[in-house]
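Which chain is which? The protein sequence lines are A and B, in order. Counting from 1, one number per residue, gives the positions in the first sequence under the working numbering. Counting from 1, one number per residue, gives the positions in the second sequence under the working numbering.
Hints are computed from structural coordinates only; laboratory data are not their basis. It is possible that part of the hints are untrue.
What the hints assert, rightly or not - Cross-link-like lysine to aspartate or glutamate pairs, in silico, EDC-like; alpha carbons within 20 angstroms at most:
#, chain 1, residue 1, chain 2, residue 2
1, B, K107, B, E128
2, B, K101, A, D87
3, B, K101, B, E116
4, B, K153, B, E116
5, B, K209, B, D193
6, B, K153, A, D88
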Amino acid sequence: MTTMDMATGSIASRPQAGIGRAARRVFWPSARVRAACAFLAPVAVLVAALIAAPLAGVVWNSLHHASLIDATVGGFAGLDNFRMVLDDEHFLPALTHTLVWTILSVAGEYACGLATALALAQPFRGRALVRGLIILPWVIPIAIAGVNWAWLLNPDYGVLNAWLVRMGVLAEPHDWLGRSETALLTVTLVNVWRSFPFYTISLLAALTSIPDDLYEAAALDGAGIVRRFFVITLPHLRPVSLTLIVIHVIWTAINFDFIWVMTQGGPLDATETLPILIYRYAMQEFDVGLACALATLSMAAMATLFLVQALVVRAREAR
Amino acid sequence: MTSIRLRQVSKTFGEKTVIPPLDLEIAGGEFVVFVGPSGCGKSTLLRLIAGLEEISGGTIEIDGRDVSQAPPAERGLAMVFQSYALYPHMSVAENIGFPLKMAGVPKAAIAGKVAEAASRLNLTELLERRPSQLSGGQRQRVAIGRAIVRAPKAFLFDEPLSNLDAALRAGMRIEISELHRQLGTTMIYVTHDQVEAMTMADTIVVLNKGRIEQIGSPLEIYNTPANLFVAQFIGSPTMNILRGPAADALGAPVIGIRPEHLTIVPAAGNGTADGLPGIAALSEHLGSDTFVHVRLNEGATVNARVTGEFRIDRGAPVMVVPERAHLHRFTANGEALRI
Ligand SMILES: Nc1ncnc2c1ncn2[C@@H]1O[C@H](COP(=O)(O)OP(=O)(O)O)[C@@H](O)[C@H]1O
Ligand SMILES: [Mg+2]
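I would like the entire structure built from these sequences, with the hints used as guidance.
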């Protein structure tokens, strides 16, 4: 904005160009546009090299036969790869697992994040310390957190099972990650544990920016504490909540490492999500075309979600 | 016509006493202004009355009922904040109607009252807007509208005009006074601006460090300040203070004299007995008045008001003549001496 204004200003204050220069303008973009292009060029190159080219490669591969190990495989495949993905008996379960994993994760993360943010917005002794400690799960590397949870949940020597049995909650240790009924819910819970601090911090920042006198005015106007929450707090949290949820839906739906570290998609594919299926296509079946077709589908879904969010935000801002 | 009575009301924040125990009675229908320097506890006192802060001691009665422990909503008071405190996610109409909605008033009745308040405050065109689309003056009107729709027992204003520019402030001052005249409701108005206090109040309560220095009508406070603090806080420019021999000569350890009660005469050797000799320093020309600062030979500098335009050379020797009838006499520790 400012740079644009400055650029315009400098043109306006420049002495009038002669006829020759005016004629050249017809063929040349204005100085302002040229300046903008010059500034944007480095970023454009970076985006093209690091994002656009790999993405285009994925889409291109999805339309071709390609193998990691067999160089003789090749040629245009049309929509064959997509057809094979959709016909794969793993596809629907993996899609379901992805939806369950994503929706439960984000819902749980939001609930925990909102609850902790509200608690941490209240004044109490040691609040600063708790505010600092609460981000710990989020700063532990995923691989380490995953391995540690797998260890805590282990039926033979896991601390958690030992406690649950001792407290009488369980009759005997349960193999949380090893049983297909509980595996997906367990990895989801661990994911909630890991990700909610990000919500806490973001929501807390939004909460602390709400002026106190809004609550005071509402209290005088006769609004009780619940009403004040819905009339003042929630509307203030709406923009940050929307952003948090959209980026976490995307991050969670494409998450590969957390599940891989804890269960590798097992047992009996009970935790196989789309990213794990993509990995299997590419790294175990060596079928790059198939992997890229599924990746393209997933990418399209995420892009749509992101676009809808952007449109919603823009529509709201236009109001 | 709601009366409010504070008995031995005090407030401490942790170790810090912001309001030592104080008594105050506000008669029904009165326009009371709490005035005092920034940080003297005006807002705290108002918030204690509103119920937004818990009192540390004493009792607060509204119409004879003890409300000391009552939550804000039960006290039946409306407050207008310096920051306006409008609900940003609601339209102007929703903001004004909010207290009625909370009180369970039917929708149709709310709409009627909102329309009435809006037309009174010139907001009819703006009812569908959001607060962010309004100017400061319009926002303050909405805040006032939100206060008047519920027909409260009393209005509390906490520096409502501080965020407005000077011209708007003068206009709003008149509007709020007019509103008080029409409604006749008790109003408590907090300000650090003594012009607002003087022009709007029936009764001024001058506060200093949480203590009440003086209660009285604007002219009482202006003409017979109870002590040096009130004398210097009320009145613009500030009252001149003389101490030492110059004051002794006028009959008190400390003498206060307002700029308009000083006359400047040329020192051309006419030897007026009660004149204080000095040298003219800076002159401030306001058009309607001229304020001449005079450095007295005995050391103090005084400010004298001359009506209309008045020219005097810097450094010219002058005599400053106080009007005897308008001297304010104080003891050495600042209490007014009444004779
Ligand atoms: N919540 C609080 N906690 C601690 N001190 C406070 C609090 N609110 C006000 N104070 C102190 O009380 C004094 C009076 O404040 P306030 O009533 O806001 O003054 P005024 O409105 O006259 O400018 C100030 O010194 C302020 O720092
Ligand atoms: Mg204040």
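Hint check:
1. For a cut-off of 20 angstroms, the pair hint linking K107 of chain B to E128 of chain B stands: about 16 angstroms separates their Cα positions.
2. A threshold of 20 angstroms between alpha carbons decides the hint, and for K101 of chain B with D87 of chain A the separation of about 57 angstroms lies outside it, so the pair is violated.
3. The straight-line distance between the Cα atoms of K101 of chain B and E116 of chain B is roughly 16 angstroms, inside the 20 angstroms bound, and the hint therefore holds.
4. Distance hint between K153 of chain B and E116 of chain B is fulfilled; the C-alpha atoms sit about 19 angstroms from each other, no more than 20 angstroms.
5. Distance restraint check for K209 of chain B and D193 of chain B: the Cα-Cα separation of roughly 16 angstroms lies within the 20 angstroms cut-off, and the hinted pair is therefore satisfied.
6. Annotation: proposed proximity of K153 of chain B to D88 of chain A is violated, straight-line Cα distance about 73 angstroms (limit 20 angstroms).
Hint compliance for this structure: hints 2 and 6 are broken, all remaining hints hold.
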